[in-house]
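Trainee: Here are the chains, one letter per residue:
Number of protein chains: 4
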Amino acid sequence: MSSQELLVNSEKGYVPASERIPPIALPYVSERAKKTLDIVERFVEEECIPADPIFMQQLGEGVQARFSAHPPILEELKAKASKLGLWNMFLPKGHFKEGAGFSNLEYGLMAEYLGKSRIASEACNCSAPDTGNMEVLAKYGTEAQKRRWLDPLLRGEIRSAFLMTEPQVASSDATNIEMSIVRQGDEWVLNGQKWWSSGAGDPRCQIYIVMGKSDPTNASAYAQQSVILVPANTPGITIHRMLSVMGYDDAPHGHGHISFENVRVPAANIVLGPGRGFEVIQGRLGPGRIHHAMRSIGAAERALEWFLARMNDPRKKPFGQLLSAHGIMLDRVARSRIDIDAARLSVLNAAVKMDLVGAKKALKEIAEVKVLVPATALRVIDAAIQAYGGAGVSQETPLAYMYALGRTMRIVDGPDEVHCLQLGRNENKRGAALKARIEAQLKKTDSLFEAKGLKKIDPMALNRSTGKAKL
Amino acid sequence: MSSQELLVNSEKGYVPASERIPPIALPYVSERAKKTLDIVERFVEEECIPADPIFMQQLGEGVQARFSAHPPILEELKAKASKLGLWNMFLPKGHFKEGAGFSNLEYGLMAEYLGKSRIASEACNCSAPDTGNMEVLAKYGTEAQKRRWLDPLLRGEIRSAFLMTEPQVASSDATNIEMSIVRQGDEWVLNGQKWWSSGAGDPRCQIYIVMGKSDPTNASAYAQQSVILVPANTPGITIHRMLSVMGYDDAPHGHGHISFENVRVPAANIVLGPGRGFEVIQGRLGPGRIHHAMRSIGAAERALEWFLARMNDPRKKPFGQLLSAHGIMLDRVARSRIDIDAARLSVLNAAVKMDLVGAKKALKEIAEVKVLVPATALRVIDAAIQAYGGAGVSQETPLAYMYALGRTMRIVDGPDEVHCLQLGRNENKRGAALKARIEAQLKKTDSLFEAKGLKKIDPMALNRSTGKAKL
Amino acid sequence: MSSQELLVNSEKGYVPASERIPPIALPYVSERAKKTLDIVERFVEEECIPADPIFMQQLGEGVQARFSAHPPILEELKAKASKLGLWNMFLPKGHFKEGAGFSNLEYGLMAEYLGKSRIASEACNCSAPDTGNMEVLAKYGTEAQKRRWLDPLLRGEIRSAFLMTEPQVASSDATNIEMSIVRQGDEWVLNGQKWWSSGAGDPRCQIYIVMGKSDPTNASAYAQQSVILVPANTPGITIHRMLSVMGYDDAPHGHGHISFENVRVPAANIVLGPGRGFEVIQGRLGPGRIHHAMRSIGAAERALEWFLARMNDPRKKPFGQLLSAHGIMLDRVARSRIDIDAARLSVLNAAVKMDLVGAKKALKEIAEVKVLVPATALRVIDAAIQAYGGAGVSQETPLAYMYALGRTMRIVDGPDEVHCLQLGRNENKRGAALKARIEAQLKKTDSLFEAKGLKKIDPMALNRSTGKAKL
Amino acid sequence: MSSQELLVNSEKGYVPASERIPPIALPYVSERAKKTLDIVERFVEEECIPADPIFMQQLGEGVQARFSAHPPILEELKAKASKLGLWNMFLPKGHFKEGAGFSNLEYGLMAEYLGKSRIASEACNCSAPDTGNMEVLAKYGTEAQKRRWLDPLLRGEIRSAFLMTEPQVASSDATNIEMSIVRQGDEWVLNGQKWWSSGAGDPRCQIYIVMGKSDPTNASAYAQQSVILVPANTPGITIHRMLSVMGYDDAPHGHGHISFENVRVPAANIVLGPGRGFEVIQGRLGPGRIHHAMRSIGAAERALEWFLARMNDPRKKPFGQLLSAHGIMLDRVARSRIDIDAARLSVLNAAVKMDLVGAKKALKEIAEVKVLVPATALRVIDAAIQAYGGAGVSQETPLAYMYALGRTMRIVDGPDEVHCLQLGRNENKRGAALKARIEAQLKKTDSLFEAKGLKKIDPMALNRSTGKAKL
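Residue numbers (the UniProt record's numbering), protein chains in the order written: chain X, 1 to 471; chain F, 1 to 471; chain W, 1 to 471; chain B, 1 to 471.
Treat the hints as calculated values from the structure; they're not laboratory data.
Treat the hints with care, as some may be off.
Because identical chains cannot be distinguished in the list, a pair is counted as satisfied if it fits within a single copy or across any two copies.
27 Å max Cα-Cα, derived DSS-like pairs, lysine-lysine [unchecked claim]: (1) Lys-317 / Lys-83; (2) Lys-444 / Lys-455; (3) Lys-78 / Lys-361; (4) Lys-12 / Lys-317; (5) Lys-364 / Lys-80; (6) Lys-35 / Lys-364; (7) Lys-444 / Lys-78; (8) Lys-361 / Lys-12; (9) Lys-97 / Lys-83; (10) Lys-452 / Lys-360; (11) Lys-139 / Lys-455; (12) Lys-83 / Lys-429; (13) Lys-443 / Lys-139; (14) Lys-455 / Lys-80; (15) Lys-361 / Lys-93; (16) Lys-35 / Lys-444; (17) Lys-12 / Lys-146.
Predicted, not measured: the structure shown is a model, and the values here were computed from it.
Start from the sequences and build out the full structure, keeping to the hints where you can.
Mentor: So this is what it looks like as structure tokens:
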């Protein structure tokens, strides 16, 4: 690394990322992954974070400019990342020959650091929704599709979007998706609208992966849905506007509100086959949620770092004392530390499970972190904002934007409540067996009383009885 | 196992404990530990939990009776446990030849199940404060002390107490401890009082490990304190009363308020040597906190099991629906699941760290779980209580007692706030380096602006300026 | 007041209760009520609180003793209270000639102080469930019933219980109540069981007001239920046991689990008439919830007082500083103050509304405080417990018992969740109108755009459109 | 009102604001205020809210445009408001002849409705910081100052800013303010920088009220500070940039970062006199905090209205049911209702106290609402956002902006923590007296034991004593 070497040479007491891996995870981390992890950390801290404001400035001002921009700094970082071997680390080993050969756990550790910078994920070609889209294409794409879309995505030349959510329905329940996909001869014709089409704002976005209803009368609500590939420049597509996130536009990536009017694509563009939409999206979701979660952990860590920096700012002495002398601040730091560490372990455990038995069997663990991590990150970031006062909500710190991003994480891929409902129902399946177990235990207690010749008396029994009753 | 075989043969879909170990912990768990774990689970669920009410009944009524009781059921269970090989599992392998040969992580997994029953820990000779006291004796005791106290403790024949907290000072800061220990000839003479002397109520309690001030003028507040062995029947000792815990007396174990008036013990009874009290107690605390934490996890799991059982009770249908049809109940179940799982991983990681590098280097992780776990368990238990309504706060369920026990865990071994203060200060040590890092990053950003010939303009700059200022 | 005059003469800066009434409530408080309020405060602080431990000691030990006790100190205090004019203040003026002539708001202010002592409410003949039962008898009783039961209750000679909750059903939905009430000739015959029969433990309890099903096939679930008067000594009644509350027995009052086996009472004992049970209990609930809530406010205030006392205990200096020098303690005090004050205003406002338009039209306000106040009190008490460490959970302070009592308040008269469900549904009735309003506002916005010749463009619109769509 | 009459004629079951005043507040509200309140409500709902998007559109795009804009819709609304008599309602009666003659409580009720719209406050000439600045000028200004600045402000012709916070110090402690104010001949010369200069972005802003240090060596940190009037176009002033609030620019009002370089104003521009800065700002803060708080209550109410509308949107049916059929949503609505109502009562009580005894004596109540209300509003808004999913964080609803605004309220006028510290310290002043009271109560208990010939025995005493100790 040619740069200032902020961490290794300058920072007193610096301990590299690989030595801060929670010990319980160590047996699952290869030496190669540790080495890469340390490179990732330094790349993020020394190259990406300092470049974030350059990226912001190169975006320019105004909607048109910002959503046409392709900041040169990004390509420079991509070149550096590629040279450092930091490229496509997200593609899990064993499944994809195109990836860097890491497990989900190993990449998860790296994703934490990527999450500290606005641009680091893309610099390593590991940014959503491309990651999930590449997985879909790699898993389910035809050879032709792979050549046309996957290869340039893997090289970081184009970008992609995933179009699922629709404004007019409760998309948190994906069976509600309405986008019409009708077969006409050799083509599929799409009509409808989508929003929260993240990434669609980028001028380099060339391919949409679209979910819609191809078989609206199928008895199975699931079999009604298909996933289909739609080139971004297909006639009939209109981007109406970009949605803001707590005031931020996320340019050039963005979150599009898009309409489809008689949009036609070749029959071959359907993924896996008609009616297999749920199969496609379910295969896509597990790793993505782990990535989001670990990046959120990284954001929380960075917020805590800024918090700690503020606490030691000698210019900021309310009531004559450094913030670090105020017990309530130390308490918040401690609770942030505790919560982040617990959340990280949850994600790492989910990643390990996914590595060991696949995403389907790790659904519970994945759902848990989907709910736990954003809430945790938001608490930490909010505490850091509060420590900064006005600076915390403004452009002066990265905190407000991190909060906005974190807030959407409670909604992206389904709101917390949907996941909790599912988790609760799943847990509730144990209910009948547990009820039976408790009853068996109570019955055994009864027989113990009998066996020991003890009369079972509630210690609070009141011998004022004048009669007897069957309870 | 001779009993009803509640779990294995009767329970539909039963999955043994060893198969529910979080996958991330698996590499640290031996096959032997897994087998023992499954035996522990069955012993607790099939033998101990059903026997809990027998134990309660055998205690009798009234303070005098309850604190003289030695319920026969306990000795029966101890015999069973011993036969099953479930004895002294807490003594960590490598350190003590007397133990069962498990790591802290392995025993932690078992302790979770022990924590589901009121009497299981003692049935396996793994109950506090004997565990910590045995560690002290094994580590620091002379051979004579070991023969006299450690051996019968290891065999479960006697019990012990640890006397640290004092009513008249803020004992959360142990340098405040005032119990006077004065050398007179061949003896040490103790004067003062202690409370929260847990275990002192048991008629089988024969030895007190006492902290006190032997060198009150020493410049180091730490070196003022010593730990000394005091037989429970030494003249001058008075148990004034037993402290209740949210209304519970925890008989016969109990929490004593005890005074010492010219209590004399031989000079040799000092542990490690005068002024080494802090060394002794610090060595004692790490594993104990892990044990407490894992038992609390077990309590939380049991509360959740009762919660789930209630949700499926067909007699309990507010507004015509099973509780399990009420979304808010499912939501609480889900959040309980999430929180317990994250808390467990935190404890397991702390245990692994303790196994790998020792308790001293795992202080941060241990403090984290000390704070996190009781708060988590209390939330879960409270939710279960609420689901049960009146039954939840009464003797009808194990929940109210579990809540009381859990509540004290936020105080035992120092209140949350003390641990958070310590954690916060520890974390704050990174503050200066992080401040420097952030400043270096900002500086690098400046040089990037310069290098690229960009003028660094805040995107929100307002060119209404009429002058110029040095900011 | 003959006693030490703890407050007026000894306490520096003491401000009497009447001068601490929230100013917004003042117009509703008569001068006479203010005078009485100050007497109540002094009676509680100077007489009742110091007598609480006497009461506890006079109860004795053991279930049989405690539930047969009638501590003499109570009758002494009743005599004092009566002399001071502090008697039956709960009976709202205008409705009952027998009361002291105060409004619900005025009595509410007094109830706060009663709630600070374990025995003050009963000392003033203002304790539940007698208060609600007296209201029922005064409102709906026949003259004969009034003479037999109401008069001695008003004089504080006997006590009463209200038997609604049943162990085998979800009683939070009162239509589930199953106690069978069958007409046989001139009698009603009762069969079934009740629990949480609060007050039934007292040996002076002579009358049960019982809810049960007299018309099980009535199409209206509400009309199935009746309320009936049952003398406590009627044959066929068995008190099986007293329920504990987080380990406390609440003796001699207690919470009974009672069975009815062919319990016969005269036909005339039905209240208001068969099928009018809901009418009776609904008339009873409003004031009782206000009383509970204000007493809980008093408990929270007392907890905060103990908290503040601890913060200034010179013997308790963790890390060399008084607790009051620790910012996190001051923060908790502040938040306790804020929350208590807001909760009190909510109760006072509900009381005013009840005074102005009756309990039925104040259901929303009453439900709000039913949920808000216990949660608030528990937070405050829990913070005080934590400040005290071990002393906080033990018999050394009044805090643990206050916590236990407060915890049941989240369940008594229906769990929070039931009230929130009802409140939520009630609020949701506005949903359609609000939806219409918002749509009308959006439509008006459209017409404003048109009127002003403005094209309605989303500021984030992206003019990359190649087509057009109907959104 | 000429418009659509959204509320009165169209909305089923509409109840005007005056009839929804909490009953406890009614005695303090004049008939005239009730009438005005209803007009305010309709003006906001029927005129301002529909015009909010017009205002947004008329602002245009880009920093320069937005901070030069003066949307015509605002002047139209000001004309309407003025005609309706809705002008300067904030100036409290009794103190200022220029106002509309309402009490702080009465205006508080109105401010709630103003807080529902982005532009309603300014439309009624009741927007911060002009309100506080007008109070300062009216209270402390010379006649000449009043003519030059107060009169046009009262007429809504110009705007003003209050410059206190500085980026380089912990401004939450105002004694830290560093802006240098030096006397040179007939002038004061200012040097330094300010930020969070709210309102400074508006092109109509003509006057800054600036706090700074005129006597840096004064022994009293308070007497060092002065407040001075600085015309916005004075040479030497530079607006460097506008600060964003969670991504929003709040144009044209804005929050400026401004530098002063040798800015000269006449000697007469000092307010009240040198060294009296704290006197000036303290007089200014009370009413402003009430206004902020009540507007936040209005924002929370509007968020709840949107929440309820969403719950009844027939197009949004996750899992086949309206959101309003999901218990967890109803629960959140209920808790929102409870919390808003309690918070409103707190503000109204603080306003009443301020009306009765002045802001200085109402500091506690004002500080309480300063902390309570924003936290409450944020919880409600956050719940509404979550119900909306993606729409909630985007420009599709008013919720995200309301959240951003609410978040800053936890910082504006000092962060929560500073107010809690102050509140806690203030409350702690009672500590010594309370400690003495509790000790006196315990002593009285002792003498009661003695008087009754009772031996004071802890019910948990264990008579195993072999000796005696002085406890």
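Trainee: Does each hint hold? Answer for all of them.
Mentor: Verification of the supplied hints:
| no. | hint | result |
| --- | --- | --- |
| 1 | Lys-317 / Lys-83 | neither (45 Å within a copy, 49 Å between copies) |
| 2 | Lys-444 / Lys-455 | within (14 Å within a copy, 45 Å between copies) |
| 3 | Lys-78 / Lys-361 | neither (35 Å within a copy, 39 Å between copies) |
| 4 | Lys-12 / Lys-317 | within (25 Å within a copy, 35 Å between copies) |
| 5 | Lys-364 / Lys-80 | neither (38 Å within a copy, 36 Å between copies) |
| 6 | Lys-35 / Lys-364 | between (31 Å within a copy, 25 Å between copies) |
| 7 | Lys-444 / Lys-78 | between (67 Å within a copy, 18 Å between copies) |
| 8 | Lys-361 / Lys-12 | between (44 Å within a copy, 20 Å between copies) |
| 9 | Lys-97 / Lys-83 | within (19 Å within a copy, 53 Å between copies) |
| 10 | Lys-452 / Lys-360 | neither (50 Å within a copy, 48 Å between copies) |
| 11 | Lys-139 / Lys-455 | neither (66 Å within a copy, 46 Å between copies) |
| 12 | Lys-83 / Lys-429 | neither (50 Å within a copy, 35 Å between copies) |
| 13 | Lys-443 / Lys-139 | neither (53 Å within a copy, 44 Å between copies) |
| 14 | Lys-455 / Lys-80 | between (79 Å within a copy, 24 Å between copies) |
| 15 | Lys-361 / Lys-93 | within (18 Å within a copy, 34 Å between copies) |
| 16 | Lys-35 / Lys-444 | between (56 Å within a copy, 25 Å between copies) |
| 17 | Lys-12 / Lys-146 | neither (48 Å within a copy, 46 Å between copies) |
The structure shown violates the earlier hints numbered 1, 3, 5, 10, 11, 12, 13 and 17.
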